[in-house]
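Chains as they are written, first to last, in the working numbering: chain S, 20 to 423; chain R, 3 to 373.
Derived by calculation from the structure, the hints in this document are not laboratory data. In this text, all values refer to a predicted model and were calculated from it rather than measured experimentally. It is possible that some hints are incorrect.
[Said to hold, decoys possible] Below 25 Å or equal to it, Euclidean Cα-Cα: the simulated SDA-like pairs (lysine to any residue) are:
no.: 1; chain 1: R; residue 1: K147; chain 2: R; residue 2: A108
no.: 2; chain 1: S; residue 1: K388; chain 2: R; residue 2: K147
no.: 3; chain 1: S; residue 1: K388; chain 2: R; residue 2: A108
no.: 4; chain 1: R; residue 1: K147; chain 2: R; residue 2: L345
no.: 5; chain 1: S; residue 1: K420; chain 2: R; residue 2: M199
no.: 6; chain 1: R; residue 1: K147; chain 2: S; residue 2: R285
no.: 7; chain 1: S; residue 1: K420; chain 2: R; residue 2: P296
no.: 8; chain 1: S; residue 1: K388; chain 2: R; residue 2: D226
no.: 9; chain 1: S; residue 1: K40; chain 2: R; residue 2: R272
no.: 10; chain 1: R; residue 1: K147; chain 2: S; residue 2: D284
no.: 11; chain 1: S; residue 1: K40; chain 2: R; residue 2: N191
no.: 12; chain 1: R; residue 1: K330; chain 2: S; residue 2: K40
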Amino acid sequence: MNVPDTDRQSYWGVVRGQFNKNRPAVWGLWCAVGLFALATGAPLLALDQPFFWQTSDETRFPFFAALFNRLQFENGVDIFFNLLLLLSPFYAGFVAWKRRKGGLGLRAATGLVAFHLFATLLVVPASWLGVSNPFHREAPIVDYRGQQAELLAADQSVTAVFPPRRIHYRETNPERSVQAPGRTFWLGTDLEGRDVLVRMLYGTRISLTIGVVAVAIYVWIGVVLGALAGYFGGWVDVVVSRLVEVMICIPSFFLILTLVALVQDRSIFHVMVIIGVTSWTGVARLVRAEFLQQRELEYTLAARALGLPRWRVIFRHILPNAMGPVLVSATFGIASAILTESGLAFLGLGDLSVPSWGGTLNAGRLEMKLWLILAPGLAIFFVVSVFNLVGEGLRDALDPKLRT
Amino acid sequence: MTEALIAVAALLAIASLAFLPHEATRILGAALLAAVVFVFLRHVAGDVPALLVCAALGAGVWRALPPTVLRRVSFMIPSLLLLIGVTTWLMYLAPGNPFAQEKAIAPQVEAALRAQYGVPETPLAFFRVYMERLLVDGSLGPALKVQGRSVQDLLLPALPVSLGLGGLALFLAVAIGVALGVRAGTRPNSWADHASMGLALVGISLPNFVIGAGLMIVLALWLDWLPVAGWGGFRHVWMPALTLALPHAATIARLARSGTLEVMQEDWIRTARAKGLSEGRVVSRHALRVAVLPVVSYLGPAAAGILTGSFVVETLFGIPGMGQWFVKGAINRDYSIVLGTALFYCGLITFFNLAVDLALAWLDPRVREAA
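Next comes chain R alone, as it looks inside the complex (with noise of 0.2 Å):
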């Protein structure tokens, strides 16, 4: 009961911060940002050092960022604190424990349990622990099923693997979408129109799953040119990324198809012409800075669905990536790698946010203007 009330009153003061003034929302975000950064940066660098170099940063942040983005982040730190509140206290109103067996356990053998892994009883006292090891010690805990490892062990090695997996698919996602996209939007019933609308339609309602499977089929066992699953040299990268892309692909050929085909009616497009600009030089540098604005306002959420896509395909072609731990972590009820990937993937996707808004500003005088 307690631990409910507790919630929605921190979600009333989340939500209160909207009626904060201005100038405070700017400077609440530039100092959370700031203080995130220094909990990540007092290991590498020490105290001293990490504290002048994150008062430089908040002080820069705040003078440079848009507003747009520090009122994002002076809710969305907050709102990652209450996810793991929340997610804490529904793991305690789960019926069993992480250290139920089989057999039953003698009281004195949980409790020491209990003080090993730092799981107390109550959701209170674990989410104190949690936040006291994450804030001071900046360690995510020890993994509950994974013996004598603990959790950013067994995370740190992952991280690079699913880092560049999402980040190539992400690239050929765009590069696959708005390469088709535009030459639908500038050739309207062209191949290129109806190849981008074909994949479209397909790319939205085809599982992922299937995507894998049916590339492994043409491309592992029919032609050979792959291998069909596993992870290690370059050639094992290329099927899963191209299962991550082909959705959003699709999405981003849709969009950059609707954008061109908007933007090529414009009266400065004609001017361009009549300047006597060759059509090439037209699309490249006038007509796609302009076309591309809901791509790139769309790559926030292509880079979640990459995200939580990679569940299914790290699980499909057998990844050590980060996606296979948190469906391990899952599927196993380890509190502690659930909470720490969820961590990890709440907080790059709310980076990522930032970078989006960060981009559309500089893409787009008219966002400027508005901040």
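Just chain S, same shape as in the assembly (with noise of 0.2 Å):
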């Protein structure tokens, strides 16, 4: 047949190009992406190591080694993104070369994010395997600013370059307990004195791992539940579908408040756990009920009749036509994640140990004080509202009746 193909589009080409109509979610996903990038270079912005240093007798880079330094940072979110802002010059300079080859596919970017995923595991501290890890060290943390006020007083040369705040999230200083927001503090200090701007900025790290994180357990169990109760039917979707109808009576908030009080010394990593294994029954039902209607159509039944295996019908014929729907799901999932988290830190059951907006909030209520309820609040809105917007344009996208 001779179809002209001068404007045929692919399906992704088709919604790619409905999304990019609706303004307020394009809006959306650059401040998504700025967001990301703000994450990423929270140390260029905060941290109390110069970049450079020189005094009449050495020269030194504190600065890179401070970021895998443990006793600087030692929790994984910060070092999957101290990673990332090291190398992130490299993956510009791949995915460059890739784009020039042709356009980065979904297996590149696939590949380029469980490379990273990998490379942080190999960094991250593993003492739990046995193994003493070479790259994550623990140096002990020399006071450049005071050594430079020192030199200084002492009429001696030394040429720091400084990140524009020289403050690090944890130093904390208990005479300046709680102040108000002021003009060397611009949102004020927490109550052991911490610096509230600096957490928040690196608030932002923790923040979008919780929302992905958490998604991405959800989805993946969302997905393999419902594909098997929509595509076998039978007992199996009598079984899910009833998991599912049990779950769903019980409020997930509620059921997650209680998983969570019964973890004794709960890491970010168990809130992010208990949220996904609690929230996955909306997923479940999207994909099943995608499947149900999929294993009716004409390819299903070619690639059966081609005797591929069950499991290659399913999760590589069958599952991308059904992703459509996950995706938007998925979007406005990462949104009421970072909700739920500041939810439950806010009542104090977060993790106090890094530094999330949520922690701020709990000193806020503790303390009565508005503002520092109001600062980390107004910016989970801001990313809460951020996510929604990019969840409502993927839908509009993706829905045939508003196709123009």
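Two chains, two separate frames, one set of hints: put the complex together.
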């Protein structure tokens, strides 16, 4: 057949075109990218170690070593972003090279993410494996700010290039506990006298990670259960649907709070996993409904007639066609996971060792200081709106009825 | 290991209820509902009258309630028991126990404490003790961390506080949401339309503690109309109720708007207008009844949302309600309080969902016919 394919586009090409027509959604997407960049570049804006340090007898670059110093950044989230900051020029180069060769495919993008996760695992403290990790060092922290002041007072020459804000997010000072927003501390200080602005900056990392990881966990569970239920039907479907029905009757925040309360010494990862294992019902329902529809279509029959193994039909042929609504729900899910975590932290059930926005909220509640609640609260509002805007844009772009 | 097997077996048993024949599901649902009422009623009315009342209730329910509702009852009540079981099991799995203190205590002392509070060594034994106490004595057991008080002593005074607050919040949400939504739906692109859509966008993304803090600043600190926090007079209830209501008012406004927009295009609305009815009457008597259907089915999730929102709002405003007890229990790892409030909340949500199902069947002939 001779079809003129001048304006033929792939399905995702059409979706992209539709999405680009939705101005708020496009802004939202750029804001999300900006937030991610802000999270990655946080140490460039606030750290107590200088990029460049030169005195009469030595030249040093303490910033880069500090990024992987266990006494400076101990949790995995920070290591992930610090490594990303360090490797981002190489990644940018790789992407540019791929694009010049004809576009960055899904496979290359997934490979890049997988590579980075693997690299992070190499650097994260692996003490529980019994391996001493040469990358994640433990070196004493040098007080460069103090040294600079001393050297200047002694009239010696010193050149130091610090990040704009010379404060580490964990730096405490009992003398400046709970200061109202002012000229030095734009957003004030918390109970331990830590700079709220800097903690909010680093909190972007925690919030984004919570959203993405929790959603990844529950999309995974929901897709597998929903796909099996929808494809096989019969008793598999009955069991999964019943499980979903029972879970839906229990409000998820309530279930999450109960589970979080049971965990002693919880870390931010416990919170992510608990949000993940309790919120999969929506995705399972969506995927099940899509599968019920798709399994009756001819391409499924063709795939089965070719004698392909069942898992291949399910996960390689039907699943890609069922992912549209899941993508939308995942985007909204990131927003609601961030909201859930902040609610938990507000009640004092978060992880207090990481600089999450919720931690500041908790301090605000304990001290009844409204500005300690409003600053992170409005940041959460911003991030959540951004993801909701993107989600709405995606939903409209995937809806054939709204196509223009 | 045994506990995990039992939990999975119970789950499969609940799932297999779906294979029961239609009539059997209805009987089971009615019987379970009557049994639950019996457990509560026998302490008030005594055994024999309670039995009689419940038999009558069961028969009436079996005859009158739609099968969808009975089907829901038939698996929700076993699921509640399963929930208690699984929570118990997880509590025992979690390291530490409620009697662990900074100093190690003698085994005899611990044994005595365990006997006194009814917390045996294994989850299965605890489940048995707990269910026995619940079903036979109708008691939720002693609180572990509050000396000499039982859980129901603590929760009963909190109940009216929470129900009043939640009820007012739900009312406000529906009133604000429907008023704004219907106005927006009948006059697209008017100020009401833009206001409701703006409210929807903000209400969905704004965390409730931010709404609460914002209201505190504006209404209490700047305008000095209402007290900042606390509980007591009539004036204390408005700010927390509004905080709880706003996000749901936003969603309801959205639902009511799209419902109204859709309904106003229908032929029978044109007919009603052609009969010469006034516009107000067309909207209030003909359109509204159909336009609010999505709002009614949202009431179940809204009640659940207001309930979970009350954890945060009661903590923020310092209100002595159930939500605050739940949070305190969770933070102090007081298992009896957590289980007691969990049971109460899940029962409440189940009950509310049933009520919503009934309301939908009453409002919408299509649902009635399908049943």
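* Which hints, by number, does the structure contradict? -> Checked against the structure, the hints that fail are numbers 2, 3, 9, 12, while the rest are satisfied.
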